[in-house]
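2 protein chains.
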Amino acid sequence: MLFRSLHSSKIQYLRRRCFSSATAPHVLKLGDVLRKTRIFTEEDVLQYSKVSHDSNPLHMDSAAAQNVGFDGPLVHGMLVASLFPNIISSHFPAAVYASQTLNFKLPVYIGDQVVGEVQVTNLRVNKNRYLAKFKTRCFKNGEILVIEGEALALLPTLDYRAVEV
Amino acid sequence: MLFRSLHSSKIQYLRRRCFSSATAPHVLKLGDVLRKTRIFTEEDVLQYSKVSHDSNPLHMDSAAAQNVGFDGPLVHGMLVASLFPNIISSHFPAAVYASQTLNFKLPVYIGDQVVGEVQVTNLRVNKNRYLAKFKTRCFKNGEILVIEGEALALLPTLDYRAVEV
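Going down the list, the protein sequences come from chains C and Z. According to the UniProt record's numbering, the residues represented by the first sequence are 1 to 165, in order. According to the UniProt record's numbering, the residues represented by the second sequence are 1 to 165, in order.
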């Protein structure tokens, strides 16, 4: 696994970073939920297409999307799913992402309000670091489940500061 | 599942697209492997950070990456993994991505040559479309496995033209 190659002795550097703020940290525990809300724009889809080299017409061409039954161009599933490592690393800088499963249940369209959510389902100490398992879900426009899966990440600490969503 | 909402009667539009080239199409079958090679640059990482809003210092800050045991800034795992839908949709425009599992085994650094590979492990007809299961892997610098997993995609046709990698 990726995290086995890490040098646990150096984790104090990251731990200090988290305590450098005057804000009292929270301590992550089983069941905790961290969220982030985002609305993906046409420009986001264009920029993601450029950086990923993904030119699937479903993301750029209304006619192509409508011809296979969608209402319009889709946001790339992997762009929506990027909310998960984003949420984890914004709460735990230098977290190492070890695995992710993704089931794309329903389309996300440009302009949909998407809430990404990670919920802690397992936590264990791993050589002064913490291996955290998360249930990962995205909802659109309220409670419509669009992506579900699980992630595993190696956290430098369980302490975090509340992050603006 | 996402693909259940598609209108199968409209798939002929996509089928015609694939036959519009003078190039003779290949027909996808069990065991087939499709590949793409890419070297991720510092600019790619910067652009991906912007569009994903992922500011994990492991991707931008050499000192932070080295402090947890890496050789330098990492390419985002989800950016590397974007090779999979990229390969699928570049061979099958308007393919619908239904699921993906990702195990991040080893880090990918800026400048590493990465080969993404998808191999067909199951194929079945689904209302005039094709549900394809792929073994998905990325290798760096030769045969070093960096990401492995599986993907499920709904293809409008099994015919494709060879795509430049």
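Don't read these hints as lab results, they were simulated from the structure. All residues carry an ideal CB built from backbone N, CA and C; glycine is no exception. Don't take every hint at face value.
[Stated by the list, open to error] Here are some, though not all, of the chain C residues that point toward chain Z, as calculated from beta-carbon distances under 7 Å:
{"no.": "1", "residue": "D44"}
{"no.": "2", "residue": "L46"}
{"no.": "3", "residue": "S52"}
{"no.": "4", "residue": "H53"}
{"no.": "5", "residue": "A64"}
{"no.": "6", "residue": "S82"}
{"no.": "7", "residue": "A94"}
{"no.": "8", "residue": "A98"}
{"no.": "9", "residue": "Q100"}
{"no.": "10", "residue": "T101"}
{"no.": "11", "residue": "L102"}
{"no.": "12", "residue": "Y109"}
{"no.": "13", "residue": "G111"}
{"no.": "14", "residue": "V115"}
{"no.": "15", "residue": "F139"}
[Said to hold, decoys possible] In silico DSBU-like pairs for lysine-lysine, Cα to Cα no more than 35 Å straight-line:
{"no.": "16", "chain 1": "Z", "residue 1": "K140", "chain 2": "Z", "residue 2": "K50"}
{"no.": "17", "chain 1": "C", "residue 1": "K29", "chain 2": "Z", "residue 2": "K50"}
{"no.": "18", "chain 1": "C", "residue 1": "K50", "chain 2": "C", "residue 2": "K127"}
{"no.": "19", "chain 1": "Z", "residue 1": "K50", "chain 2": "Z", "residue 2": "K127"}
{"no.": "20", "chain 1": "Z", "residue 1": "K29", "chain 2": "C", "residue 2": "K36"}
{"no.": "21", "chain 1": "C", "residue 1": "K105", "chain 2": "C", "residue 2": "K135"}
{"no.": "22", "chain 1": "Z", "residue 1": "K29", "chain 2": "Z", "residue 2": "K105"}
{"no.": "23", "chain 1": "Z", "residue 1": "K29", "chain 2": "Z", "residue 2": "K50"}
{"no.": "24", "chain 1": "Z", "residue 1": "K50", "chain 2": "C", "residue 2": "K127"}
{"no.": "25", "chain 1": "Z", "residue 1": "K29", "chain 2": "C", "residue 2": "K127"}
{"no.": "26", "chain 1": "Z", "residue 1": "K127", "chain 2": "C", "residue 2": "K127"}
{"no.": "27", "chain 1": "C", "residue 1": "K36", "chain 2": "Z", "residue 2": "K36"}
{"no.": "28", "chain 1": "Z", "residue 1": "K140", "chain 2": "Z", "residue 2": "K36"}
{"no.": "29", "chain 1": "Z", "residue 1": "K135", "chain 2": "C", "residue 2": "K50"}
Here is what the structure says about each hint:
1. D44: holds, 6 Å
2. L46: violated, 9 Å
3. S52: Holds. Min distance 4 Å.
4. H53: holds, 6 Å
5. A64: holds, 6 Å
6. S82: Because about 4 Å separates C/S82 from the closest Cβ in chain Z, which is inside the 7 Å limit, the hint holds.
7. A94: holds, 5 Å
8. A98: Check passed: Cβ of C/A98 comes within 6 Å of chain Z, closer than 7 Å.
9. Q100: holds, 5 Å
10. T101: Holds, because the Cβ-Cβ distance from C/T101 to chain Z comes to roughly 5 Å (cut-off 7 Å).
11. L102: holds, 5 Å
12. Y109: violated, 13 Å
13. G111: Violated - the Cβ of C/G111 stays beyond 7 Å from chain Z, reaching only about 16 Å at its closest.
14. V115: C/V115 check fails; min Cβ-Cβ to chain Z is 14 Å, beyond 7 Å.
15. F139: Status violated, d = 15 Å.
16. Z/K140 x Z/K50: Holds, because 25 Å separates the two Cα atoms, which is no more than 35 Å.
17. C/K29 x Z/K50: Holds, at roughly 30 Å.
18. C/K50 x C/K127: violated, 39 Å
19. Z/K50 x Z/K127: violated, 39 Å
20. Z/K29 x C/K36: violated, 41 Å
21. C/K105 x C/K135: Roughly 15 Å separates the two Cα atoms, so the pair holds.
22. Z/K29 x Z/K105: The hint holds at about 28 Å.
23. Z/K29 x Z/K50: violated, 38 Å
24. Z/K50 x C/K127: Between Z/K50 and C/K127 the Cα gap is close to 32 Å, so the pair holds against 35 Å.
25. Z/K29 x C/K127: violated, 46 Å
26. Z/K127 x C/K127: violated, 51 Å
27. C/K36 x Z/K36: holds, 33 Å
28. Z/K140 x Z/K36: The given pair, whose Cα atoms are some 12 Å apart, holds under the 35 Å limit.
29. Z/K135 x C/K50: Holds, at about 25 Å.
Comparing the model with each earlier hint shows violations of hints 2, 12, 13, 14, 15, 18, 19, 20, 23, 25 and 26; every other hint is respected.
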